[in-house]
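J.: If you read the protein sequences in the order shown, they are chains A and B.
Each residue of the first sequence is one higher than the one before, starting from 589 at the first, in the numbering used here.
Each residue of the second sequence is one higher than the one before, starting from 92 at the first, in the numbering used here.
Think of the hints as simulated: they come from the structure by calculation, not from any bench.
Only a predicted model underlies this, so the values are computations on that prediction, with no experimental measurement involved.
Heads up, some of the hints might be wrong.
[To be verified] The calculated lysine to aspartate or glutamate pairs, modelled on EDC-like cross-linking and capped at a C-alpha distance of 20 angstroms, are:
{"#": "1", "chain 1": "A", "residue 1": "K753", "chain 2": "B", "residue 2": "E198"}
{"#": "2", "chain 1": "A", "residue 1": "K753", "chain 2": "A", "residue 2": "E714"}
{"#": "3", "chain 1": "A", "residue 1": "K753", "chain 2": "B", "residue 2": "D180"}
[Claimed, not checked] Here are a few chain A residues that face chain B, going by a calculated C-beta distance under 10 angstroms:
{"#": "4", "residue": "P709"}
{"#": "5", "residue": "A710"}
{"#": "6", "residue": "E768"}
Yeah, the Cβ is synthetic: ideal placement off N, Cα and C, and Gly gets one too.
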Amino acid sequence: MDRDTAQHAHHVLASVLRSDRARILARVVRIVGDLAYAEDAVQEACVDAAHHWPRDGVPVNPQGWLVTAARRRTIDRLRSLTAASRRERAMFERTLGFDVEPDDAPVPDDRLRLIFTCCHPALAPEIQVALTLHAVGGLTTAEIASAFMVSEPTMGQRLSRGKRKIRETRIAYRVPHDGELPARLAPVLAAVYLIFTTGYLAPTGSSPVRVDLLDEAVRLSDVLCELLPDHAEVLGLAALVHLTDARRDSRLDDTGLAVDLTHQDRSRWNSDQITRGLTLLARARVANDPGPYQIQAAIAAVHARASDAAQTDWAMIATLYDGLLALTPSPVIAMNRALAIGLSRGPHEGLALLDDPALVRALSRHHRYHATRAHLWELAGDLPAARRAWAQSLELPMSAHERVTLLAHLEEISPVNAT
Amino acid sequence: MRYMLIIHNGENHPRPGDEGWDQLMADYGAFSAQLASYGTPFSGDPLAPPDMATTVRVHDGQTMVTDGPFAETKEWFSGYYIIDVENLDQALAAAAMIPSAKWGSVEVRPVLDM
Chain A
589 MDRDTAQHAH HVLASVLRSD RARILARVVR IVGDLAYAED AVQEACVDAA
639 HHWPRDGVPV NPQGWLVTAA RRRTIDRLRS LTAASRRERA MFERTLGFDV
689 EPDDAPVPDD RLRLIFTCCH PALAPEIQVA LTLHAVGGLT TAEIASAFMV
739 SEPTMGQRLS RGKRKIRETR IAYRVPHDGE LPARLAPVLA AVYLIFTTGY
789 LAPTGSSPVR VDLLDEAVRL SDVLCELLPD HAEVLGLAAL VHLTDARRDS
839 RLDDTGLAVD LTHQDRSRWN SDQITRGLTL LARARVANDP GPYQIQAAIA
889 AVHARASDAA QTDWAMIATL YDGLLALTPS PVIAMNRALA IGLSRGPHEG
939 LALLDDPALV RALSRHHRYH ATRAHLWELA GDLPAARRAW AQSLELPMSA
989 HERVTLLAHL EEISPVNAT
Chain B
92 MRYMLIIHNG ENHPRPGDEG WDQLMADYGA FSAQLASYGT PFSGDPLAPP
142 DMATTVRVHD GQTMVTDGPF AETKEWFSGY YIIDVENLDQ ALAAAAMIPS
192 AKWGSVEVRP VLDM
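The following block holds chain B by itself, in its conformation from the complex (with noise of 0.2 angstroms):
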């Protein structure tokens, strides 16, 4: 079954630039060499922050573009994986690989297949 791994992080999540970034991206380099060691299928890629986030809704028929949103939250949708596994057990052990975990949450969710 496909699980989606949806990456939020939280207050303190290390940028680009901060003292950890570099030890983080070599973490994610050895989550993703890990999820291929076990031969799980995987896809995923991070995202830009939500300040660079443009929202389109239409109603009515009318396109409405907006700057935003600006969540209030304190954790952002960050990035995501999507892997195929045997069960939830393997998806929630693969969520707690994943690196942003430690400063943030995933949430983890199936794939419908329609």
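Bound conformation, chain A alone (with noise of 0.2 angstroms):
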């Protein structure tokens, strides 16, 4: 064997499988109608392609080859199966007949069909983001586990879970009709998000960005805006994810400490990924269906806009949060409201906002909270209520970076500090 073929055969099954493992996937779940057996059938088909491409070339259609080897692998494992198997037999022989395109057609609704699938609102939310991550985005089960700080057999149970659920209850592959869409895509665009505030804001673990989850959640998105390039709020949710994640490389200090939107050297923050976004949302106001997601993506196009955080334009945040508030009532919501109107008309009004009885009760256990309030304390100038504040806000759950990043803030704003 000639050894730069095979060296050369090995590369492209790399490449191939790194940008179109979810397209083959989706494809190969189409035509044997079952996840986990499709998962099995390509794996399978990779290890052909690994023997045959480094001694026969590599085929033309790569991907093609892979699909038909899969379909050729699941046609086998047909033939084996046993009279024991018969419910298994039945499944493969409904599916197996149904329309198989030719290999070279465009695709792009077999994956649809798989994140529809994989976030079907019968299945429970950890487990919609946990396929979608395997299925759609080719990350392994320790990978998973890992970013959601769960042990691999723990993850690898919601996995088996969710993709027995889809075939014992036959959960169809299929993209919704239109009637449906709103309520399923919720759901899509949830996983979605929650995949990249899960990057973004990386809880409890040692390191405070995913940088492999921030990456797959920007690529689902985008993958989203080709499926559905006229949904609003698809395309306001590209723009959400690009414009927060436009800012990844200033969130962290040198030291690895996370620094808030204020300090963050603006200059890092990436100009490409921010025009990406002001596009998708001019794209998404087109369409005239306002959303969370848009909302949400106008608040982080209004920090884009400004060219250091002193001209940040509080008072369009603070009627953008309205609009957020009347469609999506939270806590924390109204309480990022009360902060945007502190910063804009003064900050005794954001402090009475926050008094609210009703977010009081929702809030006061949160950190957050309080650290909102005596931000809002050092604005007004009174610092002693600051440090109260600061303190409450210390004796509640935080991550560890952000506890170490408010005690050296309160180094700073101490009164020996302060003389």
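Each of the two chains sits in its own frame; use the hints to bring them together as a complex.
T.: Written out as structure tokens, the structure is:
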């Protein structure tokens, strides 16, 4: 065997799997009708490719070759089934015969089917997220387990329970029709956004940013835009993800501590990603169907447009939070709105809103609530009140990074340093 | 695939003689007619309330019959349908049309072919 040919074959296989694994898997799922079997078949097809390509040369259409090989592997498996596996046999007979498109046909719908299946509302949200990362994102069980801070066996059970429920309750591989789309799209967008926020905030991990999850969420939101290009909230989510992710490189200082938005070095924000986010947001507005992702993206866009923190149009942000609060009322949004009002109309106005009894009841056990009050008291020039609020915040659970950052800040505003 | 739609009545579910009862019965008639118009094979029946239940257990060869159970829960199993449809989405759509779902819940489970 020619060493260069062999190397070239391995290189092509690796690159095809990197860029097209989800497409190939989605295609095979459609042919064999079952996610778990399709994954096995794709795996076996890759082993076949690693064996044949170095010897026979790389096929003209490597993706099509892998799909065909996976289909053949499934047929072999069907033949080897014993009578004891009647149910499996029935399943394959039902699905295998069905419309196999030519291998070079465009197949965006297969990926979309797969995403909607993984995020079917009959599956628990944590299973939706895990399945999406696994089947569409190609992450391994170990990678997903570590991203969500659970053990690998736990994540393995979660994934296999999801696949089993898809098979045994017969969740269809289909894209919902227009009438169902709003309800069915919501968990899909929520799953992608949760993947993003988990990567961005990495709640309890040793590293405060999970780059693999951020990359995956960006990729998934782009895939959704490609597949549903006219849907306002799909564009809104992608805009939000890009505009927020643009700040990735400035989120941590040299020692690995989180830097808040005010103190980030904006010259390190990714201007290409900001442009992409703003373009997506403009496209979303054309659809004239506002929603929570678009409004959050619009808030991120206000930050992105400000050349430094002092230039931030907090009045605009407060107005956007009014809209967000009307669409999706929540104490956290009410708190962020109060902060924006405090920063645009004066700290005392924000503090008064934060004293709302319902808000106190809902948020007094969250450190960010007290941190927000502390921030506004500092602006109001009342350092003793600020220190009291910071102290309340420190009594509550927060990540190790947040705690270190906060302690450093308290040091700065301590009476000793202030003199 | 066959699915059982297991109906649980909630607290405010109309009872015979209540103001909403006749309307409920008419709605159930319309639901059955709709399934029939789709050509969906189905069967199903309502059940007497849980205070009419008797429980049988056979332990160590002894048959024991007890009154009840008197469930503590606020929702109780009140009837079922078995429908034969293509996939879960169709079963869920049918479940959402069951009139009692407005006051309780409908559990959807595949029927196993043994």
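J.: For the pair we were handed, K753/A and E714/A, check the Cα-Cα distance against 20 angstroms.
T.: Cα-Cα ~14 angstroms, so holds.
J.: Between K753/A and E198/B, does the CA-CA distance stay at or below 20 angstroms?
T.: Judged against 20 angstroms, a Cα distance of about 15 angstroms means the pair holds.
J.: Tell me if the interface restraint on A710/A is satisfied: Cβ within less than 10 angstroms of some Cβ in chain B.
T.: 6 angstroms, holds
J.: Can you verify the interface hint for P709/A: is its Cβ closer than 10 angstroms to any Cβ in chain B?
T.: With a closest approach of 8 angstroms, the P709/A hint holds.
J.: Does E768/A hold up as a contact with chain B if the rule is Cβ-Cβ below 10 angstroms?
T.: Cβ of E768/A sits 8 angstroms from chain B, so the hint holds.
J.: Given the proposed pairing of K753/A with D180/B, does the C-alpha separation stay at or below 20 angstroms?
T.: Distance ~13 angstroms between K753/A and D180/B Cα, so the pair holds.
Checked against the numbered hints given earlier, this structure breaks none of them.
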